[in-house]
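Student: Sequence:
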Amino acid sequence: MSSLSRELVFLILQFLDEEKFKETVHKLEQESGFFFNMKHFEDQVQAGEWDEVERYLCGFTKVEDNRYSMKIFFEIRKQKYLEALDRHDRAKAVEILVKDLKVFASFNEELFKEITQLLTLENFRQNEQLSKYGDTKSARNIMLLELKKLIEANPLFRDKLTFPAFKASRLRTLINQSLNWQHQLCKNPRPNPDIKTLFTDHTCNPTNGARAPPPNNSPLVGTIPKAGAFPAIGIHSPFQPVVSPSASAIAGWMSSPNPPLPHAAVAAGPPGLVPPPNAAAFLKHPRTPTSAPGMDYQSVDSEHLMRRVRTGQSDEVLFSGATHPPNIYSQDDLPKTVVRALNQGSNVMSMDFHPQQQTILLVGTNVGDIGIWEVGSRERLAHKTFKVWDISSCSMPLQTALMKDVTISVNRCIWGPNGSILGVAFSKHIVQIYTYGPTGELRQHLEIDAHIGGVNDIAFSHPNKQLCIITCGDDKTIKVWDAVAGCKQYVFEGHEAPVYSVCPHHKEAIQFIFSTAIDGKIKAWLYDFLGSRVDYDAPGLWCTTMAYSADGSRLFSCGTSKEGDSHLVEWNESEGAIKRTYSGFRKRSLGVVQFDTTRNRFLAAGDEFQIKFWDMDNTNILTTTDADGGLPASPRLRFNKEGSLLAVTTSDNGIKILANTDGQRLIRILESRTFEGSRGPSEQINTKLPIVNALGSVTNVSSPLVANLDRIPPPVSMSSLQVTMDSNRTVDVKPRIVDDVDKIKSWKLADIVDSAQLKALRLPDPLTTAKVMRLIYTNSGLAVLALASNAVHRLWKWQRTDRNPSGKSTASIIPQLWQPPSGTPMTNDTSETNSGEDSAACIALSKNDSYVMSASGGKVSLFNMMTFKVMTTFMSPSPAATFLAFHPQDNNIIAIGMEDSTIQIYNVRIDEVKIKLKGHQKRITGLAFSQSLNVLVSSGADAHLCVWSIDGWEKKKSRFIQAPAGRSSPLVGETKVQFHNDLVHLLVVHESQLAVYDSKLECLRLWSPRDALSAPITSAIYSCDGLLVYTGFCDGAVGVFDADSLRLRCRIAPSAYIPSSVASNSNAHPLVIAAHPSEPNQIALGMSDGSVYVIEPSDGELKWGGPPPPEIGTPPSNPALSNQASEPHPR
1 MSSLSRELVF
11 LILQFLDEEK
21 FKETVHKLEQ
31 ESGFFFNMKH
41 FEDQVQAGEW
51 DEVERYLCGF
61 TKVEDNRYSM
71 KIFFEIRKQK
81 YLEALDRHDR
91 AKAVEILVKD
101 LKVFASFNEE
111 LFKEITQLLT
121 LENFRQNEQL
131 SKYGDTKSAR
141 NIMLLELKKL
151 IEANPLFRDK
161 LTFPAFKASR
171 LRTLINQSLN
181 WQHQLCKNPR
191 PNPDIKTLFT
201 DHTCNPTNGA
211 RAPPPNNSPL
221 VGTIPKAGAF
231 PAIGIHSPFQ
241 PVVSPSASAI
251 AGWMSSPNPP
261 LPHAAVAAGP
271 PGLVPPPNAA
281 AFLKHPRTPT
291 SAPGMDYQSV
301 DSEHLMRRVR
311 TGQSDEVLFS
321 GATHPPNIYS
331 QDDLPKTVVR
341 ALNQGSNVMS
351 MDFHPQQQTI
361 LLVGTNVGDI
371 GIWEVGSRER
381 LAHKTFKVWD
391 ISSCSMPLQT
401 ALMKDVTISV
411 NRCIWGPNGS
421 ILGVAFSKHI
431 VQIYTYGPTG
441 ELRQHLEIDA
451 HIGGVNDIAF
461 SHPNKQLCII
471 TCGDDKTIKV
481 WDAVAGCKQY
491 VFEGHEAPVY
501 SVCPHHKEAI
511 QFIFSTAIDG
521 KIKAWLYDFL
531 GSRVDYDAPG
541 LWCTTMAYSA
551 DGSRLFSCGT
561 SKEGDSHLVE
571 WNESEGAIKR
581 TYSGFRKRSL
591 GVVQFDTTRN
601 RFLAAGDEFQ
611 IKFWDMDNTN
621 ILTTTDADGG
631 LPASPRLRFN
641 KEGSLLAVTT
651 SDNGIKILAN
661 TDGQRLIRIL
671 ESRTFEGSRG
681 PSEQINTKLP
691 IVNALGSVTN
701 VSSPLVANLD
711 RIPPPVSMSS
721 LQVTMDSNRT
731 VDVKPRIVDD
741 VDKIKSWKLA
751 DIVDSAQLKA
761 LRLPDPLTTA
771 KVMRLIYTNS
781 GLAVLALASN
791 AVHRLWKWQR
801 TDRNPSGKST
811 ASIIPQLWQP
821 PSGTPMTNDT
831 SETNSGEDSA
841 ACIALSKNDS
851 YVMSASGGKV
861 SLFNMMTFKV
871 MTTFMSPSPA
881 ATFLAFHPQD
891 NNIIAIGMED
901 STIQIYNVRI
911 DEVKIKLKGH
921 QKRITGLAFS
931 QSLNVLVSSG
941 ADAHLCVWSI
951 DGWEKKKSRF
961 IQAPAGRSSP
971 LVGETKVQFH
981 NDLVHLLVVH
991 ESQLAVYDSK
1001 LECLRLWSPR
1011 DALSAPITSA
1021 IYSCDGLLVY
1031 TGFCDGAVGV
1041 FDADSLRLRC
1051 RIAPSAYIPS
1061 SVASNSNAHP
1071 LVIAAHPSEP
1081 NQIALGMSDG
1091 SVYVIEPSDG
1101 ELKWGGPPPP
1111 EIGTPPSNPA
1121 LSNQASEPHP
1131 R
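For the sequence shown, the residue numbers in the working numbering are 1 to 1131.
Misleading hints may appear alongside valid ones.
No farther apart than 30 Å at their CA atoms in a straight line, the calculated lysine-lysine pairs in the DSBU-like style are these [said to hold, decoys possible]: (1) K914 with K465; (2) K62 with K80; (3) K39 with K92; (4) K387 with K62; (5) K465 with K92; (6) K113 with K92; (7) K132 with K20; (8) K132 with K113; (9) K148 with K22; (10) K22 with K167; (11) K39 with K62; (12) K167 with K71; (13) K488 with K404; (14) K137 with K113; (15) K404 with K387; (16) K957 with K465; (17) K759 with K771; (18) K956 with K916; (19) K387 with K488; (20) K1000 with K922; (21) K148 with K808; (22) K160 with K78; (23) K167 with K148; (24) K132 with K148; (25) K916 with K1000; (26) K99 with K71; (27) K869 with K102; (28) K160 with K149; (29) K27 with K797; (30) K869 with K71; (31) K869 with K113; (32) K149 with K922; (33) K99 with K27.
Hints in this document: simulated from the structure, not taken from any laboratory.
Whenever a hint applies, use it, and build me the whole structure from the sequences.
Tutor: Shown next, in the form of structure tokens:
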């Protein structure tokens, strides 16, 4: 349904309500599913009209849609059951138990048993958990509070709980305007026309007094409109001025399905923060792509794809999602324990944690210094005092300012999107950009004389797929600079006061910038020259900063007025209105309050000599901490990416680091890793970055089905910034401060042969028979999904327990093999499949883990991960699909590798193949997108690589992978590809080799099986932080390689993870490896005998092997493992 049709329903709802058609109103609400009337719902619940309650709910959700919905229906049916028991109506209670509650037994059998046992009690209040149950009325009111929370948290009710704001009797007004317009077009308009029907267009009677014949099909002609009906124009109201459009303009508007401003006819509330200009209607309709500005955008789980899913139904959020339930997090998840105190030496003005390395903190001070701290070791890795790099290139105003006053302060310092670049904005004119190398060195990159006066804020963004720097300053402008050469690209003028802050963001493919000035004005800009799209007032009308939640779905601002009143609010982007205002600030703040967000759940602000925390969904303060004292009146603060650490400024020119349980564990692990007398690379436990393209086992993360997290913009190639490969790789190391590199005293290559040297868990499965073809972790890290050669999927989920409070996968706790309520596992279509063909197995998972797309030689199936039901199928063979990858910019476009060697670019929305790419000779075995390079790389069983432009799908380059020494050329066999996190370097995997290629398909490194790892390679994948490559071999061994050099760090023998009772009866070996999405040292192995293992280092090691030093002074313990370094590929 188009947006205008949707709005028409709201107009009809308003009309029916005004005409007192109450039952019809609620029936239309239910049938359309556009507006959930909470008041009607409450009335029905309090009246105990349970059938009507469920009937009304079913217009918006079903029991099986997601866990919120399931909980809603469960609470209602449980209350109905308890009321029957309270009336001693056992027969009714049994009926409810069997018909209504039994459906939940498959999800929680113990709970169902406990509910059933209530029948045996004389009074169910004898049950301890129900002992406080009062009377029926109070119980219903308590339940209503819980139901309201669940409904507000349920993504299916998003944007359906608030009726749009528009004037009363809007439908009448529009009809009157239409009649006025029709009357204006009359050839002989009469001064007092008599309107008696709406069924035909209005025309005035001829001037000779003859009346026009009435329409034959109109029974209302000649009747008198009732009071309150549509008035005859000219009698009850004066004409409204109407500009008569030309016939061509009218025809053009009527034929246009996508008017540029679909809400203009009905919106009477305040304008949105960014009024939608044509294709940029992104804040009014945040999910509308630029290619179809007026269409209702839906992702691949939408009505258009599934043909059976209700409009507006979004992905179920079993594991993660944009809207979080109230009980996912507790106060224990907030970092409130002081674990570090650092002395910066001068007043800290700005801080920012590294986007990948969780314990690296960038600091800027009031004397112009910047420092980089490793907070785990308390070590300051780098320190730069302020100086102008090239005074001769500075403008005269800057030179004059420096002559008058040499003091200068850091106003803002910030890391670039992947941490290999950082920017510093100073209080006088200039911005300095550094590159940050893997050994911690800071290299001067750009110095920009950016603004006249102070540069108040700096940010990074990716308009037009190019890394840019955004600055704002005292000269009332916002400027956009190319991050490579420092060239000025845009200047945004329009503020009437100094610009205080900038907040770049994007919705779909639309990039924009919010800016705030010290007069309290908020403006929004697109990357064009058309001026601001918004002029809006921020609360407090003074210094305000804006920030999005980590997933980019919610917008907040925090500001302080000149009088000291502070305001922390959440915005409704669609309406440009404040959605909620958070309470808890002192009446007169002693400084400008700073704030930050974390975990898509919490807000924190520094005020009243302490840190105050809020739940995003609750306006009242959640908790506070004074960090053991010593904080200034308005401390500055910054969370790390994971929300496990919080940096807070102190009154004595220092910084305190606060941690939650995860943060404390992280700090302890880092402490335990320090080498005595040496300083080697620190461990990668604090680096958590999602892999963007993966091999066959992890195609789910190649492109999300929903918008990706905006706080971490897409990684950018720092090779484009003219720095070396080493400097763009953000390896988590402790950089040296001294001139010479400290030598590692000893190094031993790990050869793990015994189960005591690692933690290995065989996942439970009583029916293991078919070999595992594809294996992936869910994006949340809470589960593992396997696709076997018999087309059956298996899902293992870890539960939250005292031993595993996060619920993430671990080799220490046995997970549950998840079974659907029907008992039927997810099984791919194989009706047209050659059962002996295993190569066709392919799989991809939606970003929020709600849906899985999969094929096993037959049709491609889309499954609901909650119910395990097939939502739809498409792409019937032959040929069969062999690989799936989602387009990084358009979630409705899928690249599908085929058995016939072609690649089909398929639009799931219109069920159409856009183009077929031909360049291979054998089936497609790998696909990987790079948004940074704007290319798709394909690989096939012909050992051939092809690079395709995403824009026009033309082939840019191709080459065969070359045979290593001792192998005949040309090679054949399954070849897989995966982009590194930098989206530039490409891992190529063949049974004969591991290789790393650059963007020009030049081979940089190659390793081939030899010595103790001489068996053919079966699978390989980058770790989630991009620092390791895990590789499986046909003899059952697993190799752990350094991703940069492809030098072997560790060999895991099959005897270490396969139990002896199993190993003696089989030659099982890993066919596929999956890397955990946030734990770089955890992997899962899908085996040839159908089993799945999760493997981690032992508690004593916590990592795999050690990084190979440039010069190895001590030989490895196993001579067979020596000489395992890779070599540059011969050109």
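Student: Give a verdict on every hint.
Tutor: Each hint tested on the structure:
no.	hint	result
1	K914 with K465	23 Å, holds
2	K62 with K80	18 Å, holds
3	K39 with K92	28 Å, holds
4	K387 with K62	64 Å, violated
5	K465 with K92	63 Å, violated
6	K113 with K92	18 Å, holds
7	K132 with K20	41 Å, violated
8	K132 with K113	21 Å, holds
9	K148 with K22	22 Å, holds
10	K22 with K167	20 Å, holds
11	K39 with K62	20 Å, holds
12	K167 with K71	37 Å, violated
13	K488 with K404	28 Å, holds
14	K137 with K113	26 Å, holds
15	K404 with K387	16 Å, holds
16	K957 with K465	21 Å, holds
17	K759 with K771	23 Å, holds
18	K956 with K916	15 Å, holds
19	K387 with K488	23 Å, holds
20	K1000 with K922	23 Å, holds
21	K148 with K808	29 Å, holds
22	K160 with K78	26 Å, holds
23	K167 with K148	27 Å, holds
24	K132 with K148	21 Å, holds
25	K916 with K1000	23 Å, holds
26	K99 with K71	17 Å, holds
27	K869 with K102	19 Å, holds
28	K160 with K149	14 Å, holds
29	K27 with K797	40 Å, violated
30	K869 with K71	20 Å, holds
31	K869 with K113	26 Å, holds
32	K149 with K922	54 Å, violated
33	K99 with K27	25 Å, holds
Checked against the numbered hints given earlier, the structure breaks hints 4, 5, 7, 12, 29, 32 and satisfies all the rest.
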